[in-house]
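These are the residues of each chain, in order.
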Amino acid sequence: MISDSNKSDPLDFNPAPPQARREHVPIWLLVVMFLMLYWGMVYFDQHSGWFKPEVYSPYHDLAEVEVWQPVTGAPSLAQQGKAVYNKPTCVACHQPDGNGVPGQNPPLTGSEWVNEAAPGRVIRIALNGLNGPINVKGQSFNGTMVPWKDVLSDEEIAAVLTYIRQNKEWGNNAPEVKPEQVKAVRDKIKDRSAPFTPDELQKTPPTD
Amino acid sequence: MNFGPIIFLVAFFGLCCSWLGLVLTPQIQIGRLQQTNTIPAGVVYPVQRPGLARQGLAVYRANGCQYCHSQQVGQTGTICDVVLTDAGTNETSTLVALRKVRPSFSEAQDRQLLAGLPKTIREGITKEAADAAVKVINASGAKATAWIVPVGPDIAEHWGARRTVAEDFLFDYPVLPGTQRVGPDLANVGMRLPDANWQLRHLYAPRSVVKDSLMPPYRFLFEKRRIGRSPSPDAVNLPPELAPEPGYEIVPNPEGSALVAYLLSLRASEPLFDAPLSVAEATTASTNAPAQATTSTNAPAK
Amino acid sequence: MPRGLAEVSEIDLSCRLPLLVLFISAAKWLVIGWIFELIGSLKFHNPGFLADYSWLTYGRVHPAFTNAVVYGFCVQAGLGVMLWLFAQMGGVALANRWLVTVGAIIWNLGVTVGIIGILAGDSTGFEHLEMPGYASILVFIGYLAIAIWAAVTLHERRRRELTASHWFLFTALFWFPWIYSTANLLLVSFPVRGVAQAVIAWWYSQNLLVTWLGLLGLGTLFYFIPKLSGRDLHNHYLALFAYWILVMVAGWGGIPASAPVPAWMPAISAVASVLSVLGAIAVGLNVCHTLGCSLRPVRGLPQLSFLVFSGCAFVLAGVMRAASALLVTEQTLRLTWFGPAVQLLDYYGFFAMAGFGAIYVILPRLLGVSFPWPKLVRVHFWVSAIGVLLVVVPFAICGAIEEARLDAAQPFVTIMRSSMVFLRISTMGDLLILLGHVLFLANLTGAVVGFYRLRARTAYSVLTADLFKPAGARP
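Protein chains in written order, with this note's numbering: chain A, 1 to 208; chain B, 209 to 510; chain C, 511 to 985.
In case anyone wonders, no lab produced these hints; they're calculated from the structure.
Among the hints, erroneous ones may be present.
Said to hold, decoys possible - Which residues of chain C face chain A? A partial, calculated answer using Cβ under 8 Å:
id: 1; residue: Y733
id: 2; residue: W774
id: 3; residue: A833
id: 4; residue: V871
Yeah, the Cβ is synthetic: ideal placement off N, Cα and C, and Gly gets one too.
Assemble the whole structure, with the sequences as input and the hints as a guide.
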């Protein structure tokens, strides 16, 4: 066998299991272990959010995450309405600037239909759609608007109508629309599935 | 104690513990995650990446991009700014409120402030202080909001507006948050560098767009071909010293196009309940896919 | 030059064939793997180096390197040492050595297919699990073929006592198939959704590199250090304490702090990493006291030097991991060059060095011949030790500097540029390590060749002795 030294070869050992002294584990090591376990519990308590899946570092618990939510109180209806508008719901036809397409889709900017004080008519249009010739800002449009009552909820319709009616850039300044108002109209016309015509709407008072 | 199966049982117990803790529990908590809503706009997030971007993820994986690039933005804290959005109708009461909120500024400076709104009037304060300031300003007739700003070294490097969370990787396979940062973090590269031509040029010749870059050129993702009747719209716009000879153009092959589509789809800065953040306006659906007309609610996802 | 064939015990004889296959293949994979690492390392100095070949891009060459070293070398060396230890400590021949050899061949086939798959672009993407599914099934079958007979050998042992080494090695036997099958099922075959994939991948990485290699390496250390130094193991129960810490706590580490997962996962990992330092302390104490708190037993025995270096590396790796979990800047410390530094210390500085020491002891006993170039064993030690330090220390310092600069929000490109000097030093370290591996492979193959040559010569002389007996010598 090889040997780097002249003494008896340490590599030529008896392969039986090595002898081992069986003393107890040093007490100080166990003390350190318990101290570390204590530190571990404190660290976990502070940094873990106690297994809640919504808590990510640097937040320490769910309450802290809720404190840091960006809007204090309910988000404004107009803000949400813009998001609803820009889903390809209204924006596709009425365009991002609200001016519609000349000859095809009526504009929402400064429109007298939009700016009525009471929202009854616009709610009906949004719910059931519109069919037939309509006069907006002196121009005539003769198209079809799809109904949104099955796609958008009351809150969403209220939000998008509020956004449109209160959009100062578009020259609109009308009161907001509340979800309860949308719900009231929806209940009134729940038996009707066909789109409205402008003539019918003219006959219905906006406060209805 | 010479009974072999005891060792087996101890080992099994030890493995079970870590398996229960780090395999089963995460699967229950985040393995069944669904889409969530952004706050406050309530738009569904995330949406599935478009098909070409998903193929690009396969190219990303095959070429091992995750060994040099991470996709995890960290965050060490959150601070609040107060932004004045509307001066209100009564200027004197607004100015009084402003003095209360920022006493270290002079009245002349406050007046100047009112000229070009919206402006930040307090920076880097706690949420309670910001809410108190907003209350004072709103009571005077003007309008202010508390602006939530995540902070951290990764955010300071402009790698993202907020930390990455589990929802950002919901539909990806494989999820590759990366092992090392030899190159910058890519979680938001689609927002930071949305130009397809920049990405292509960077892949073809990294040192031509980033001086002293350590990234190797990925020429095998491109092919050089003869220009047909007119130059291809996909052709990479290269500087003269790298451009091929006249009559030839460099276009990405399908893998190259897919990889670039994937990189451009990387955005992870929507404000979520888990990672709150203020954004400038109510956002549309995250633009890594066409927006879908799904119903959404106003309530924060819980 | 090798002297005559020495007497080989029956147990060693039974282990010879499978262990030769395992050890020589392991040495070969180490050389191949480190060539991949060198290619990757050179790309940092000249990004255009071999850049036009898609199969040699850094993102493919780097996982080829890690998989070749971990699966090609570490697992095979570890299994070989485990088989030998079970047979020798139990006093019984290795059970069914032919099937074990077949298992080793299948394992090698699987790793070859896997590495080719990675270079071809079929990598799964998950760190340390990059071998594609079609290769991992081969690897798994090879492992089972070896592991079952290791368990049988242990079961049939004549000496019934179970030492601390038994605890470590027998646990390691089961640990690998459990974590490997779990990871492959949940990540490759029936992938879980979303970022749970990353969590399971991190869990697997940690269990493979820290727990499993730790179990195998410590089992080796706690046998060979007492044997080679001729002294008793200092404290059996301290060794078991390290075992408990490794099995119960170390498997929970591995989730980095900036991971896109809820806060409790990085928190648990941080606590686990800090608690694991207790295991490192226990091992350090044991090794130190076994040697009598001096380096004198090491003199003249490079095999023991390997093992002592390995013990020190284990302690250092544990401390580094705990320190990086405690510092607030662990936010990104793991994502800098500090991460690869600790990993290299784990699978190379600790495990591979222990493997070298053990193989240098076992192989001559298996064959009954000595190494053709015995002085190269010592050269290999110094070359490997210096090489490892030249890689780990610059990487760790570079990582710390990078982290400090990122905290100061310096532009990323300048941070990377300033890391170049450390990368240059590490490439030199890589070259040294590769040299060490070449010496290792040369010594091993030289010993095997010498063995077969001697055996042929002996057989020839026995044969011809009968033919050429002088006339009249027959009774």
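Hint check:
1. Y733: 6 Å, holds
2. W774: This hint holds: W774/C lies near chain A, its Cβ roughly 4 Å from the closest one there, short of 8 Å.
3. A833: At 14 Å from the nearest chain A Cβ, A833/C fails the 8 Å test, so the hint is violated.
4. V871: 6 Å, holds
The structure fails hint 3 only (numbered hints given earlier).
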